[in-house]
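Engineer: Residues per chain are reported as follows:
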Amino acid sequence: MSQRSAGSGARRSRPGRSQVILDDDEPDVSSQPSSSQVQRARCSFTPQQIEQKVAEVVQFILIKDQKKIPIRRADVVKHVVKEYKGQYPGIIRRAGQTFEQVFGLNLVEIDSKNHVYILVNKLHPLPGEPISMCPGSPKTGLLFVILSLIFMKGGTVKEILVWNTLKKLRVYEGVKHEEFGDVKKLVTDVFVRQKYLEYVRIPHTEPLEHEFRWGARAEQEVSKMKLLQFIGELHNEEPQTWTQQYREAASVESNPR
Amino acid sequence: KSGHSNGFGGRNRTERVADTGDEDEGAGPSGIHEDDDDPARRREIRSQYRDLINSVHQNREDMLNPANNKLIDVLEEANKLFANVRQAREAALDAQLLVLATDLGREKASQLHAEGSSFDPSAYAQHLLSFMGLNRLEEEDGNEDDCSDGYLPPDAWQRLSKRVESCFKTAPSFHYMLGSFLVEPPPPRQRIERQRKAPSKEAKRVMPIQLKKMEESHQEATEKEVERILGFLNKYYADNSESPIPYYDFVIDPTSFSRTVENIFHTSFLIRDGLARIYLDSEKLPCIGKIDFSVTSQNAILPDL
Chain A
1 MSQRSAGSGA RRSRPGRSQV ILDDDEPDVS SQPSSSQVQR ARCSFTPQQI EQKVAEVVQF
61 ILIKDQKKIP IRRADVVKHV VKEYKGQYPG IIRRAGQTFE QVFGLNLVEI DSKNHVYILV
121 NKLHPLPGEP ISMCPGSPKT GLLFVILSLI FMKGGTVKEI LVWNTLKKLR VYEGVKHEEF
181 GDVKKLVTDV FVRQKYLEYV RIPHTEPLEH EFRWGARAEQ EVSKMKLLQF IGELHNEEPQ
241 TWTQQYREAA SVESNPR
Chain B
1 KSGHSNGFGG RNRTERVADT GDEDEGAGPS GIHEDDDDPA RRREIRSQYR DLINSVHQNR
61 EDMLNPANNK LIDVLEEANK LFANVRQARE AALDAQLLVL ATDLGREKAS QLHAEGSSFD
121 PSAYAQHLLS FMGLNRLEEE DGNEDDCSDG YLPPDAWQRL SKRVESCFKT APSFHYMLGS
181 FLVEPPPPRQ RIERQRKAPS KEAKRVMPIQ LKKMEESHQE ATEKEVERIL GFLNKYYADN
241 SESPIPYYDF VIDPTSFSRT VENIFHTSFL IRDGLARIYL DSEKLPCIGK IDFSVTSQNA
301 ILPDL
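Chains A and B supply the protein sequences, listed in that same order. Taken in order, the first sequence gives residues 1 to 257; the numbers are from my numbering. Taken in order, the second sequence gives residues 1 to 305; the numbers are from my numbering.
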């Protein structure tokens with residue numbers, strides 16, 4: 001097989017097998033190799049090697065997920081898959097299966113354009129059961145307050161409302177909080193990068209205002225019905241009291257993403 | 001002459017602002033009458049517009065309240081003002097006010113859309129505070145806008161987090177249980193193995209000597225212990241005039257299982273050597289009895305194992 005040079009030559013190290021033709025330039029993984037190339041590519045790697053790569057991808061994603069920052073496909077290819085790039089679809093599919101069957105986790109692509117993944121628990125937590133080895137971080141509570149505000153207000157909430165509400169809970173925008181530190185950064189930067197929240201500018205506002213929405217991770221991870229149930233408990237009301245929100249929570253339950 | 005943004009920056013207005021649907025003349029230069037160009041009048045109009053805009057900003061929360069129609073009042077004011085507007089600059093202000101008003105209107109409308117109960121963030125906050133264990137101060141002004149009524153316990157947010165955790169399907173973070181695993185390249189490992197082999201040979205040589213020593217001391221220790229226990233037994237009989245001891249009271253050490261086992265072991269030597277006897281009393285519980293040495297050892301009953 002002839003070898004077309006593409007991009008950086010450094011990636012070309014291989015254990016002396018027949019070469020794989022890669023279709024495109026190195027950084028761009030978006031174009032799929034043609035099926036004949038895929039077939040030829042498959043021939044060059046043994047099933048054991050593919051298995052090995054799958055295992056490495058699984059481990060890479062597990063570690064990357066520690067910080068809860070979504071994982072980019074480009075990173076997976078660059079650091080793990082490397083010359084197996086042509087096999088990527090198969091590898092990632094099998095990694096997803098491994099996550100499901102071995103770890104009880106779902107590998108979800110939250111951005112199909114930019115190819116970004118997150119790991120989500122497949123199982124619903126049971127009440128009283130510890131969620132992980134580390135006890136719940138207080139940040140979860142803060143995040144929950146914001147998410148619940150957004151949900152109960154119809155899906156979008158002005159930033160000013162969030163701060164006004166947090167103020168009543170002794171959390172202030174400009175003041176360093178005992179447990180949360182720089183709250184503004186946590187809320188508008190960390191939670192946003194983790195895709196729990198979206199922080200969007202409102203056009204035509206002066207001075208510039210923002211609003212919050214649920215991020216893609218929140219949509220995947222958070223049960224609206226359970227959220228509403230807790231709110232009901234707090235207010236000593238049935239969740240059905242908020243009919244619109246109840247309807248939305250119920251429809252999400254019946255149509256799992 | 002397209003609209004300037006009168007120093008109220010942040011808005012990029014490229015289209016002519018004159019068209020508001022009103023029957024006013026256009027704000028082009030060709031349509032200016034003399035009295036329409038009076039700078040003082042225009043200044044006043046602009047100032048009134050700015051006041052209106054500010055009041056909307058200030059009283060935003062109030063205007064959102066579905067209970068009143070203050071928003072409509074604002075619009076009527078604006079209409080009155082606009083009747084006097086002749087040029088683009090003032091019209092631009094009017095447009096700005098309109099954007100504010102429509103935005104407010106949209107928000108107000110979205111509140112109306114909600115069937116069922118509306119959601120009040122303030123009440124929600126109060127409920128949360130109660131849940132988190134707020135310790136309210138004795139004297140309350142009744143004004144709960146202020147945050148100075150009561151203090152939150154240090155575990156307030158933990159409490160909330162624990163309760164709401166179950167709403168999240170978060171994947172547990174993956175961490176190695178015993179810290180990270182450093183993979184060493186093969187060659188150094190071989191060297192380490194060779195080093196380990198050398199010391200072990202020496203160790204073997206030492207072993208036999210040590211074992212011998214242990215065996216001797218072990219035997220001595222047993223005899224010592226047996227004698228010690230015999231001493232206890234005799235002392236007991238001297239004090240308690242020949243009444244038998246319940247076996248379990250004698251051998252069991254409530255604080256140490258291993259000691260109990262040792263006691264049983266050593267007591268068995270006493271019985272083997274005929275220095276004490278063990279028998280079942282009227283309640284079928286084992287007892288240790290003294291041996292009268294005038295009698296032969298045939299009286300000793302071997303324990304039923």
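A couple of the hints might just be wrong.
[To be verified] With a straight-line Cα cutoff of 35 Å, these simulated DSBU-like cross-link-like pairs (lysine-lysine) come out:
1) A:K226 x B:K169
2) A:K176 x B:K290
3) B:K108 x A:K176
4) B:K224 x B:K169
These are computed hints drawn from the structure, not numbers from a lab.
Engineer: Would you pick out the hints that fail for this structure and give their numbers low to high?
Structural biologist: Violated hints (numbers, rising): 2, 4; every other hint is consistent with the structure.
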